[in-house]
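Colleague: Listed below, chain by chain, are the residues.
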Amino acid sequence: MTQTPQNYSAANEKTAFVSERSRWDRVKLTLGKSPWTARFGMIVILFYVILGLFAPWIAPYGEAEVFAVPFAPWDENHVFGTDQIGRDILSRLIYGARNTVGIALATTLLSFIIGGGLGLVAAINRSYLDQLLSRGVDVLMAIPSLIFALVLLSIFGSSAINLIMIIAVLDATRVFRLTRSVAVNVVVMEYVEAARLRGEGLGWVMRREILPNIMPPLIAEFGLRFCFVFLTIAALSFLGVGIQPPTADWGSMVRENASLFQFAQYDIKAGLTPLLPASAIALLTVAVNFVVDWFLHHTSGIKDTPK
Amino acid sequence: MHPVLKTVVQRLGLGLVTLFIVSIIIFAAIELLPGDFGEAVLGQAATEDTVAAFRRELGLDKPAVLRYVDWIAGAVQGDLGNSFSGRSSSGVDRSRPVVDLIGPRLWNTMFLASFTAVIAVPLALFLGISAALYRNSIYDRVVNAMTLTTISFPEFFVAYILILVLTSLWPIFPSLSNISPDADLLDRLYRSAMPALTLTLVIVAHMMRMTRAAIINLLASPYIQMARLSGASQREVILKHALPNAWAPIATVIAFNLAYLVVGVVVVEVVFVYPGVGQLMVDAVSSRDIPVVQACALIFAATYIILNLIADIIGIVTNPKLLHPK
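Residue numbers (this note's numbering), protein chains in the order written: chain A, 61 to 367; chain B, 33 to 358.
So here's chain B without its partners, still in its complex pose:
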């Protein structure tokens, strides 16, 4: 078997195992809940029959292994159980399936993440390559100082500065991104501009610095010196000789930053009241709605693991040493 294929398959297998263990951890979290579940959710006034029925519905009378199998099998088929909220001590069940809660929000979050990626990735590449081209110039220093500042700030600080400037002092964008489900694309873009801009500022910094570093690292290698000696200009050296070999680290860092978006999106969604999965998760944590928290955590963790896996595989596949074995 080709060594690259072998490494990739190994890496995929490891990713699957990780995903499996992570799902066990998230499921096991519910077992750690101190005290009796039924009473905690339904309240002190619940009758014993109601509590017993609730426990039966959750399957608390079955062993944990069986419950895990049920839960994960349901999750794979798109059934994540029912939310805890909406249940009352009288036994009236107004709870909604978790999937109905998450479905439209997941679409919104993915929209926000891809909107951000479409702006951030080309911008970071452009800034990184041009900073490497005009290394140590004023332009390079200004871009570096600005990105270093945005890296050190918490997301909500960046978000609120943008709110102060762009919605309060000069009202260009709406400060709340309350998107209705039937909004058209233009309205959606307009309303999610502020959260997307915040996330862009947060992730461009890292990607740009890595792009610049990846190119500059290569400039010391002998083949670049050879190109220089043969009379290539600075622009030619960087764009034609250095860049093709820098793609692997750059692609890795892009995938890694998109994975980071998963975490950043939680805080930013709360700031702008953007109806996404992150906001749902924070609300569920406050009200201790465990099935919703578990489902959101599973989605976030899976996205994070898969994106990191892609980053790894890109790194392996574009590594010339692996591609051309001796």
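Same shape as in the complex, but just chain A:
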């Protein structure tokens, strides 16, 4: 029964059944208190996910469908015109959401599985294995990852699988560092000790005792690592050694359409075309950063102080 000033009774209020908020309610409450930047970021990410998942149904034309007129201007048939061999730019942008974001996501997941797993093992083990892994990671991190990726790509050749493997391994070094440093503080807790004494295996201790307690920093790191991987892959594709044609990809699309800049004086739309894929990259990076900022602020428990 709801209480109004007319029928208010202290006894009723005292004995009223207090229901615990369901998980969904809590999510709604938290989202309701989120700042506009985080909401904007979440909407953008959702938009990209839908584009990527339903690309074949959303895109007006096929990914590598070639039309008669290369570099066609913007009109009703081709909303953003066509590229250097006559493929529809809008369709390729939409497919790019699937390819570029998909590959970046797969790479980040793989790097977290490798780096996170090894980081946890090193934190629990703390013996020669920890020393070996940590020193190895120190050396790998001394080489700028773009340069290292270029060396490895020149040896193994550029294919999507190679790209994912190389970037994931290089990026796993950063994940390893973070996981190890947060996990080391949890490993010494009594409940971990208790779990080991009652004879739980390494897998259980990693998954059920330590992982849940180091989740917030790892999730935030996942967002930031994703941005970094995404930008690295975009840069490599832009340089022509990343994702190979005819796969639609934002990085290489920028490069392919860059010659349109010389027509910008006559038609500003021609100058804007190469910037479309670049701004798609930038928008996603900004969106993820907004969400991660809010998430970190939320989980760190800092209350908003009036300025």
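Hints are computed from structural coordinates only; laboratory data are not their basis. By construction, the Cβ of each residue, glycine as well, lies at the ideal position given by its N, Cα and C atoms. Fair warning: there could be bad hints in the mix.
Said to hold, decoys possible - Some chain B residues close to chain A (C-beta under 10 Å, calculated; not the full set):
#1 Val-49
#2 Ile-57
#3 Thr-199
#4 Val-298
#5 Val-314
#6 Ser-319
#7 Ala-329
Keeping the supplied structure of chain A fixed, place chain B upon it in accordance with the hints.
Modeller: Frame of chain A, contents of chain B only:
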């Protein structure tokens, strides 16, 4: 031994060891190449004699350790072997020494990097200190928002926006930085203005934010409060009391960002067709010209490690707690 000297020597030693291991990794990369090298480079039509001669020239018949010693000894003396391109299956060798390819380009890249540093470092310091001075003012917020935006964008996005605005719509600068070797300084500066401007925008953001944060962090400390209570103005507090103690983190972040330039320079050189080492490396990766890739990687990695080492040492040397041990 003085503790600072000891830490510095330790750090230098660690840097040398890292450099040594990194050179081994870059050298070992060539061992991972699947299949036979000679055929891969010379083509299917190469005769067995040619392939055998090529393998002998590369020293593939010797053990890897000996080859590494030869390679690194050559690299130290400025001999980085011959490029793979220009070799044909008939055995005619038109390849050029890697040093001839890299030499002039290395000079160009260093020119671009120092040009950028000369603009970016004072600009970042000025913006950072003034943003700390007028904290929470509109000026501070505008500068912060702008730098946050440039941090999130990929380098080539910044580069192409600049191209669109400064070379296409209002043609002030050339969009291609094709510098001829005999260009005079003024022409060089004019032609490399666009890449330098792009790199400046990319690195100023980070340096400025760190400068501002380093100063603002100090403002909460008791001695600053003491200075405030003694009647010092905001300007005096920041310039006379906070800044001297903020130099260490600021210097570290400057060196770190100059190291970051090493990576940024690759993408930017490709955008503007600037004849530097970065562009050479990307071309070599596409054509799988391994000796050139190795040489470029060695140069980039060494620069990166040395700059980070300098950043560390500046941090150690300017740390008052280490300088005045109890």
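Colleague: Which hint numbers does the structure go against, in order from smallest to largest?
Modeller: Nothing - there is no hint that the structure violates, so all of them hold.
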